[in-house]
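For the protein sequence lines, the chains are A and B, in the order given.
Take 1 as the starting number for the first sequence in my numbering and just add one per residue.
Take 410 as the starting number for the second sequence in my numbering and just add one per residue.
Think of the hints as simulated: they come from the structure by calculation, not from any bench.
Even glycine gets a Cβ: it sits at the ideal position worked out from N, Cα and C.
Each statement offered as a hint is correct.
Reference excerpt, derived from the structure (chain A facing chain B, CB under 8 Å, subset only):
id: 1; residue: LEU16
id: 2; residue: PHE26
id: 3; residue: GLU28
id: 4; residue: PHE39
id: 5; residue: TYR53
id: 6; residue: ALA63
id: 7; residue: ARG308
id: 8; residue: GLY353
The following label-pair restraints were derived from C-beta to C-beta distances:
id: 9; chain 1: A; residue 1: GLU169; chain 2: B; residue 2: ARG559; range: 45 to 55 Å
id: 10; chain 1: B; residue 1: ARG559; chain 2: A; residue 2: ARG45; range: 27 to 37 Å
id: 11; chain 1: A; residue 1: GLN197; chain 2: B; residue 2: ALA529; range: 45 to 55 Å
id: 12; chain 1: A; residue 1: GLY178; chain 2: B; residue 2: ARG525; range: 51 to 61 Å
id: 13; chain 1: B; residue 1: ALA529; chain 2: A; residue 2: TRP60; range: 13 to 23 Å
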Amino acid sequence: MDSNSGRKAHRNGQVLEEAAAWFVDFSEGEVDAAGRAAFDEWLRRSPEHVRCYLEISAFWEDAGDFGRDQALDLEALIERALAHSNVLALDAVKAGNAPPLAENASAAEVVDVAANPAPVSTEDRLKRRGARLRRFAAAASVLVMLAVAGAVAWLQGYWDPTYTTAVGEQRSVTLVDGSKVELNSRSRVRVRFTDQQRVVELLEGQALFKVAKNPVRPFIVRSGATSARAVGTQFDVYRRPDRTVVTVVEGRVAVSSELLPVPEQLVGRQPAAAGTSTSIPMPPGAGADAVLLVAGEQISVTPRVIARPRPANVEAATAWTQQKLIFDTVPLREVVAEFNRYNRVQLVIDDPGLNEFHVSGVFASTSAQSMLDFLQRRFDVVITGDEHVVHIKHATGEAGAPATVPGPP
Amino acid sequence: MTTDGNRAFVATLEQRYGPQLRRYLAARLRHAGADVPDLMQEIFLRLLRIKHHESIRNPQAYLYTVAAHTLHQYTLRRAVTPESVDPLDLVAGLEAQDADPAQQAELEQRFEELGRGLEAFSPRAYVTLLMYRYEGATLEQIGARLGVTRVMAKKYLTKAIVYCQQSLAERE
Numbered sequence: 001m002d003s004n005s006g007r008k009a010h011r012n013g014q015v016l017e018e019a020a021a022w023f024v025d026f027s028e029g030e031v032d033a034a035g036r037a038a039f040d041e042w043l044r045r046s047p048e049h050v051r052c053y054l055e056i057s058a059f060w061e062d063a064g065d066f067g068r069d070q071a072l073d074l075e076a077l078i079e080r081a082l083a084h085s086n087v088l089a090l091d092a093v094k095a096g097n098a099p100p101l102a103e104n105a106s107a108a109e110v111v112d113v114a115a116n117p118a119p120v121s122t123e124d125r126l127k128r129r130g131a132r133l134r135r136f137a138a139a140a141s142v143l144v145m146l147a148v149a150g151a152v153a154w155l156q157g158y159w160d161p162t163y164t165t166a167v168g169e170q171r172s173v174t175l176v177d178g179s180k181v182e183l184n185s186r187s188r189v190r191v192r193f194t195d196q197q198r199v200v201e202l203l204e205g206q207a208l209f210k211v212a213k214n215p216v217r218p219f220i221v222r223s224g225a226t227s228a229r230a231v232g233t234q235f236d237v238y239r240r241p242d243r244t245v246v247t248v249v250e251g252r253v254a255v256s257s258e259l260l261p262v263p264e265q266l267v268g269r270q271p272a273a274a275g276t277s278t279s280i281p282m283p284p285g286a287g288a289d290a291v292l293l294v295a296g297e298q299i300s301v302t303p304r305v306i307a308r309p310r311p312a313n314v315e316a317a318t319a320w321t322q323q324k325l326i327f328d329t330v331p332l333r334e335v336v337a338e339f340n341r342y343n344r345v346q347l348v349i350d351d352p353g354l355n356e357f358h359v360s361g362v363f364a365s366t367s368a369q370s371m372l373d374f375l376q377r378r379f380d381v382v383i384t385g386d387e388h389v390v391h392i393k394h395a396t397g398e399a400g401a402p403a404t405v406p407g408p409p
Numbered sequence: 410m411t412t413d414g415n416r417a418f419v420a421t422l423e424q425r426y427g428p429q430l431r432r433y434l435a436a437r438l439r440h441a442g443a444d445v446p447d448l449m450q451e452i453f454l455r456l457l458r459i460k461h462h463e464s465i466r467n468p469q470a471y472l473y474t475v476a477a478h479t480l481h482q483y484t485l486r487r488a489v490t491p492e493s494v495d496p497l498d499l500v501a502g503l504e505a506q507d508a509d510p511a512q513q514a515e516l517e518q519r520f521e522e523l524g525r526g527l528e529a530f531s532p533r534a535y536v537t538l539l540m541y542r543y544e545g546a547t548l549e550q551i552g553a554r555l556g557v558t559r560v561m562a563k564k565y566l567t568k569a570i571v572y573c574q575q576s577l578a579e580r581e
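With these hints in hand, go ahead and build the complete structure from the sequences.
Right, here's the structure in full:
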């Protein structure tokens, strides 16, 4: 009891704030050698510090696992947050002196908002209107697409070569310039070459591009609003429903989005792996409007955010070309979604509790059997189904569940 | 068990069960079982014995590795006949923990509540956390979106973390 109340007292105090500040600094990569020494010293001061840091780390992991599935309209939440503090800012301006201390915001927050007119600037309003328009456009375009999909597909198929793969089919296409496109299961690309540039539109799914070198005629892959531009290299583009992921296998690729400016700190960024080599040609257009990636890097672009490039597991990202799927602690729901891309037999998770099982392993993408066997061996699950649908659920009876787990009472 | 063996075991554990291991440890640290302060003390003492932490670049992974070592040895020592303790027992515990749908559902619900609470407390801290954690947005981007400086975006993020930790602690 004593230790418990002691913990709470600490948590409400400075230790937690310090731990959170350290955590954010490390997450931002802002801690230099002197900072690390200071952090070491801070850690050694008390077990409470260590505990706080560990708990924040655990929270961070859990938040990653459990928040993602919540269907949140982030845009609406941002609008609400902005509206909320606009009211505060106006109040502060009206008062003309000390800003009122709102219940929900710290003094610093109010001052900052009051001093910064950005939330109500024209640019911002335009941006927001742009976002609303985009949302409307997205909704409208779905309707239009449904109405004329057939006609458009026929027309475009007529004018530009389009390559499509069915479920479970993979295809390798050599384009007129000598570049090769490996098309993954359930994918579609359209090729639009001109004298100035080589444009391939990734309409659906995933493809690995091995680009024939031609410095004066850049090779551009468009996936929705996202573009990846190269002159002679190898890279993978995966168009997911919510984002496009570009993984560079070889050479350099410049990635940009029509919807977003490139974040300032990513402009002219020197990728760590780039070294001093000048032999790799820079893709044209890799200027202020694009993020430059080198081999081994991956970037994810959503309609709202160009994420910071990360070191990628290239082998895993391109394993599909060998009919393999590599998972490294991937939640079962994502694993199932991947298998369903490749196979006509569709997997269904019946227990939501199974969604967050983490699976690691290498499986043949052509059949889910090995993965299902693995699940049955490792976890307490029952597999039922026919040649169309396979259901995955918990074994009933709890026979295999050890009762030794320490947990909440 | 040799140090090497122990190290290899922990490495495997971390590699295969990283998230589960973290959750398991967090649960043990958070829920005020009688032996938790002891475990924390041991983790701390072990940290003190290691000389150069200054070279740690990823304290999260580092601390968990240390904690996992400690937990492992702790479990070994507390067993009546240490020789008969199969490291797999520990792993079984991890799997079972992750496999319990009730616990999963509870955790999910807790995060929903946490989100609602945080939004009421500070809408800006809430959207900052969401953008940072789920969209991979940088603090600069968040600042630009919210019309504040990067420094302020960072404050929102810290504030969000502090709030969540406090309300998680209060629930127990």
